[in-house]
Amino acid sequence: MNKVVTIARKEFRDILRSRLLLIVILFLAIVTITSILVSSLVFQSQVSQYNDSLNLLKELGKEPTGPTPELFPLNLLRGVIDYIEIIGAVLGMLLGYLTISREKNTKTLKLILTRPVSRMEIVTGKFLGNSIFIALTLLSVGLFSYLGLIVIGGVELSLVELTKLGIVLLISFAYITIFFSLTFFLSLSMKTISHALMISFVIWLLVVLILPQIGDTMDPDNQVPGGFFSSMQLTKSQEKQVMANFSSYETIRSSIEEISITKHYERASFALLGIKPEFNGMPLADILSSQWVNLLSVFGLFVAGVCACGFIISRRQSGYSFDNGT
Amino acid sequence: MNSCYVVARQEIRATIREKTFILLLVIFLGMTLASTYIGWSSGHTIQSVYNSTVVFLQEQGKAIPPPPFESASHLSPLKNMIIYIVLIGTLMAIMVGYLMGIRDRIAGVTRIIFSRNITKKQFLLGKVLSILFMLGSMLLIAFIVSTVSSMLLAPITFADVMRIAGFYGFSLVYLASFSFLGLSFALTRNTSAIALLSPIIIWLVITFMLPELTSALYPTASLNPILPQTDVLQSTALNAIHTAVYPLSISEQFKVVAGNILSLPYQPVIVRNFDYPFWLGYISIPVWTAVCLTVSLIAVGKFKKSQGELNE
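Chains A and B, in that order, are what the protein sequence lines are.
Numbering-wise, my numbering comes out as the position in the first sequence, counting from 1, plus 20.
Numbering-wise, my numbering comes out as the position in the second sequence, counting from 1, plus 34.
Excised from the complex, chain B in its bound form (with noise of 0.2 angstroms):
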């Protein structure tokens, strides 16, 4: 056991030590940061907008729609971190299971790793869990930072740090899926880049292409927080894509179940005859991060202790 956190250990202290992962975290944070306030100045605006709007169609003698952003929450102003998780929070994850599955290999330390007494699953097992602390901690901070800024725009109350805590925490669970990837492929690739891209198809693969299968949604769009409406109702083949591939979409469930977590309104995107819940999320996801646990102890399993270098 004492193997695994020596393992642990020196994980966390060459990660911390990257430049690279350095700078993605102060990223990460600088828009976790910026979230709030880009989220409170334009709920902020787009009331002035309305306001603006209602005294053009007065001098228009025009009736006067109510306002659509009525049920809006006051954690609204962090949806966007729901969307930096999604974009920098993944790719932060993916480059810290890559890097701590590659740099042994780098290094050239594999076969020395392994002259000791130490066995694969504990090695894992190390590696698992300097992701979980390097994720966690960086989520902790996310945690402060966010709720701090949030109390210094608006009043929130117990019941809103909670919810922001459990944002967080399933935040964890769906980042950690990702992280195991690049663990995954960093053991077991030929080549740094190939390793490296592989994670990155899959996270382009759940971040846009199956959004758009599922919801029509184009790339770039499904960026936005709010959604558009994209009204495919009476496409049959596009429900039937839809029934079809949305269990897989996990960027598209995480988004919901974070929404719910914050309180956010509901938007669905497109409304039809069949739809799943929206608590989908909350299985899937933690079933999806199983598997992708299982995929490292898999690709450990197959790791070649006296040929796991890298000779690029």
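So here's chain A without its partners, still in its complex pose (with noise of 0.2 angstroms):
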């Protein structure tokens, strides 16, 4: 166990002396500052024109009959989550190569192995330096997004909501382990690992960027600047009637978008944010309870990615991964 403790520290420290690593922190941080400065602007601009309304209504003897806009604190981190699904994901993926390009490059994993330590032993190290580094990041983010929802929104998050948050963040880790687990995997597989790198990049952006994007395009809802059912004026039950007619046509819509599992994290974490209206004021356990699918989805290839990972390593052609390649 010591010896994976030693691993999982010595990886942690490469990690902090890169600067590749701060590039991306510094920059995870700037756009979750942003997002939430914008999703702030917007809301306050809507209340602003709310009250103009309101007060023109009064003015000429009208009751209001819109809804009073309302803060739910936790819809401003939408934009966090849009990040964290496309940077977030590029994070996961350059520590899965880098864990194994410094190795092969400095020629060190020849030296380690020379030790007395296993196979098993210097993954699972090298596993658990990553993983606290990117539990670390997301604390970094989730913290950066308290202070910007108390500093910028002048919104205070309730225990309820900071327990959401804490959900999201675990869900987040889960994700970015996924693609940390994919390049990992496929840098030990491949005889050329800057190759894995790319290859991994593809994948990010069919399953992160393509996909989803052509599930939103066909969204008939999608068509129209503002939403097509808004500009018919129906209601969402109303919607979901004249859907009724197509809805061969919604499962092949819904069936492409889960093919990616960023839509699957997108979904669970904006039900939880509340970014979905119908999940504010629900109670937690229940709007877990109507997420499980995207719940098993995201943890369930989280599992499968670490276990894929232990298998490349304990297979006796690994040594060869380890050894050669450039």
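Worth flagging that the hints you see were computed from the coordinates, not collected in a lab.
If you're wondering where the values come from, they're calculated on a predicted model, not measured in any experiment.
Careful: at least some of the hints might be erroneous.
BS3-like cross-link-like pairs, simulated, lysine-lysine; straight-line CA separation at most 27 angstroms [claimed, not checked]:
| id | chain 1 | residue 1 | chain 2 | residue 2 |
| --- | --- | --- | --- | --- |
| 1 | A | Lys30 | A | Lys127 |
| 2 | A | Lys256 | B | Lys96 |
| 3 | A | Lys124 | B | Lys338 |
Take the two lone chains and join them into the complex the hints point to.
As structure tokens, then:
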């Protein structure tokens, strides 16, 4: 166990020394603050417009009919989730690539293997070191978000909201680790390690950007700026009645989206943060039970990724991957 | 002059042999083909959804709003292609530039190359020519695919074909800028990972962060060819940010110009008191590409012939 901890500690120190990761974390911090700032300004603008309309109606001697804009603080984190989807995945891939490339390039792994350390201990140590780093990065994002909500948004989070934020960070951890495992696995499996990074980027492009984009583009509601059903003045239940005639189309569209793990991550996070309005005010247990498929997908793939890395390292041929390649 | 052709020929051959490049090319061309169908299919479906909505509203005895998509052009099915250029095309362009800059350094042959009768300018010119050839060929194939698939789905005129050609021509200018960035970082950075990550971070800023600042668009929302309307008319702060940042928001300007070339209806995300003209992108994008080319020129100027190899 001590050997695993030693390797994890060394791995963690190596990551901290890398300028590359400093750049990514700094970038994540900037986009988190930017996103909260923009969301807060948009909300303030909505409130201001509502108040103007209210005053106008009062002057005309009429009563307001529309709903009052209500701030759900966690809604302001929508952009942050979008960035974790995109940049968090890149961070995971870079960690997976660097942890192997460092050893291959400096030939230090051969040296480590001369010591009484098993391959499984090396992999476990590396996984642990990187996992701690991912967890700390996400905690920093959580802290930036929390401070951003207080300082920029001018709102306080309740205990339930903090719990929801904590669960979202936990799901984010599993999501980023999936991409770490992918590149880790490919870096060990492929002869040319730089190809592993590029293949990972291709998979990232497909899973994170293209598949969700196709699903969004096919959504009939997205065909008109501001939403088709809003332009037709239909309520949510009326929209459902109309779309019942297009169930096959919707099944295909939804299936395309569900191939992407990013969409599962997004759905679960959006539900917990109340970005989908129907989840605002819903008890936490109910939200979690309604999202069990998305949660199972994210955590299932996380476990599969960890197992795949354990499998590749336990194969005898993996010695080839460790000792060779550029 | 011959030396730069030798460099260009070698780069083109080597890039074509790269499996990753081929994989990205297949995805790009696959999405080019799919984009027309997806655009046509979603357009067809929304018409059917509208018809169903009309029947539903008639049954309820309610007034029937006019179809909100009447102004759609018959090149509308290609609207997804604008997004694929911004997403896949740019990443592929970065990859092309990166590979052309890093390959010699990883192989450790830069000293050998410069021991021959070749100047740094010829070296760069060869790389630039090969980048333009690779991107041009890729976009030419995409143009053929888009034109043929559009012809199969709807009657298009010669003017429409010219519009599609114009769109891909302008895309070449946009994509070349990202290749030049990829090339510059690949020539100057000390590690291959930083060389690849740096232009990708710039791409992330241009594609997601700046549109969020200028138009309050969530990162994933900017992937939709039909933009949501974010009503921030009364926000002085957001309008000020928009005024300051929009000229730098290259991807947004590309989308506007590309939509204009394809004759798609213009959909301003936000209605403001002051807005930049739609044609700004016609000027700023070539200027941006020229800036990126200048960065490449500086990168080659700083490139140390004797210490160019990567020792990772």
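Holds or violated: Lys30 of chain A and Lys127 of chain A, Cα atoms, limit 27 angstroms.
holds, 16 angstroms
Straight-line Cα separation of Lys124 of chain A and Lys338 of chain B no greater than 27 angstroms?
holds, 26 angstroms
Assess, step by step, whether the Cα of Lys256 of chain A is no farther than 27 angstroms from the Cα of Lys96 of chain B, and give holds or violated.
holds, 16 angstroms
In summary, this structure violates none of the numbered hints.
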